[in-house]
Amino acid sequence: MNIATVLASKGVKVVTVQPEQTIREGLALLAEHNIGALVVVDETQKPVGIVSERDIVRALAKTETVFAWSVSRIMTKEVIIGAPQDDLAAVGYTMTERRIRHLPVMERGKLVGIVSIGDILKAQRDHYQGEVDTLQLQLLKSQP
Amino acid sequence: MTARPGTVDRPLRVAIVGAGPAGYYAADHLLRQEGLVIEVDMFDRLPTPYGLVRLGVAPDHQKIKSVTGIFDKVAANPRFRFYGGVEFGRDLTVDDLRRHYHQILYSTGAQTDRRMGIPGEDLRGSHPATEFVAWYNGHPDYRDYQFDLSHERAAIVGVGNVAVDVARILCRTPEELAKTDIADHALEALRQSRLQEVYLLGRRGPAQAAFTNPEIKELSELPGADLIVLPEEAELDALSRAALERSQDRATMKKVEILQEAARRAPTGKPRRLTLRFLVSPVEVMGDEAGQVVGLRLVRNQLYATETGALQAKPTNEFEELQVGLVFRSVGYQGVPLSGVPFNESWGVILNEKGRVLDPATRQPRVGEYTAGWIKRGPTGVIGTNKPDAAETVACMIEDAAQGRVREPAEPDAGAAQRLVRERQPHYVSYADWQKLDALEVARGRAGGRPRVKFTRVKEMMAALER
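Keeping their order, the protein sequence lines are chains F and Z. As numbered in the numbering used here, residues 1 to 144 make up the first sequence, in order. As numbered in the numbering used here, residues 1 to 467 make up the second sequence, in order.
Simulated from the structure, these hints should not be mistaken for laboratory data. Here a beta-carbon is modelled for each residue, glycine too, at the ideal position from N, C-alpha and C. Careful, some of the hints might be misleading.
To be verified - Covered stretches of chain F (in silico footprint by chain Z; criterion: 3 or more residues with CB under 8 angstroms from a CB of chain Z, positions within the stretch not fixed):
1. 22-28
2. 71-82
3. 90-96
Same shape as in the complex, but just chain F:
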């Protein structure tokens, strides 16, 4: 199982924001799309950062002027990027260890999606559930 499996039924492309857009605009996007993070891209659509609801909450706790700030002021600049063929087990491990909740995914230089730790846990849960189900069925069948 890899990242492509998760992206396949996510449908919607990544919601992005430009570095100079305001946090208020960013919040509107988060609310509109019911998501937790935005990928920040430059004019060539290259990811230059990621901004999450957490980043915004953290800044807001200090000052309410945050709404007018540019996204680039609070975004995380060091972004780990995933590839569609990356195994979910490895990705899940890295995200958990490094406390990353959202992972932008790129293929051949293009942003193709974003996966959350929740997406990965759900995919893994469904996978294990399916396996248990199939194994139980076989065990029942082999009983006399």
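Fit chain Z to the given chain F structure using the hints.
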């Protein structure tokens, strides 16, 4: 406004296209909804149901096929109908279904093999593994395919479960195969097989191989073939070792242990040898002047860690040649677009979000259209994985129905749908017809101590049904 569908007088009518596991699990979830009266009509282009459970699961894995017992229980529900031998896109179009159903669910699976994208791929003797699988399982479309088993050496590219199935079937003795429900024509051809060497080629290392531990154990215990693993390839590289130490993943540790154990064992002189290779990728299928496969040129790979810590293969500049007359590629299934249904080319699936089919322009759900199974999420997981997958889609269907987001078909009644099907495909197969075929197949197998002897031509099935 008319009342929302889902009552005894006005049932919610659902069409399911594709009678494989995902379709059945979706039907099951739909028919179990409390307080909603739902009717399900299931279509399949083949006269027989069960999809890959009948035509994909290997004949020597009968226990896995017992899941059909659950499917038959679903089909016994009076609000379920089966229309076999009715092809979407040929006999019925999206518009036909829209005329008769509030909701349509596509569960057509992933029907082709991905290509390797290397020279020589189409030489004589180079085949998609899925065609071989369909052939030995008696899929009517593959009944007249030919696989030249007079060669002594064959390679299978890939180490996923399809690749492992193909290797195992090639290495089984005729006596073993004769106890299964393998198609008679395949049994006959495999009886004449002169194969002595079978290679399974993995792109990455032992710790990344997709096969499961029971699968590899089964290969190591074949009565007719010795499993060969090269000791140097069974050893983990530094990256894999470090990743395994971090994750402490028991199943992978066990897998590596089984492989290293196999690498230490000396061959016992069984008639065939099954060699499992790691960290190699074919770069060319080599042929002779007549266009016949004579070998594979392989590049040795090494692993590298991506940003997320996943280990991927990249080619080195070390090459080797493997002399084989037969090549099966099994580097993944791919979904086939359905006429009139939005497709996501990137992932080879129907464009969808949690099973709701999306309009490509607006990215908003197309009212009343859904998908489940491999054509929704891509070809991963075991049969049971389709259960949570279908449940997710059905939850969307029920939520939409509750909010009135359903199609308003012109003729939402079972009789009208049946009349249309009869008009387009007079020889459609009902579930009762299928059960008759099923009983006949089982009866044909009894004398030989086999689970069944399959009908492998649609004509034979029709004759058996006296049509």
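Hints, verified against the model:
Coverage of a stretch by a chain is defined here by at least three residues with a beta carbon nearer than 8 angstroms to that chain's beta carbons; for the segment 22-28 of chain F and chain Z the count is 0, and the condition is violated. Here the segment 71-82 of chain F counts 3 residues with a CB under 8 angstroms from a CB of chain Z, which clears the bar of 3, and the coverage holds. Given a C-beta distance limit of less than 8 angstroms, the hint that chain Z covers the segment 90-96 of chain F holds, as 5 residues qualify and 3 suffice.
Hint violations for this structure: number 1 only, all remaining hints satisfied.
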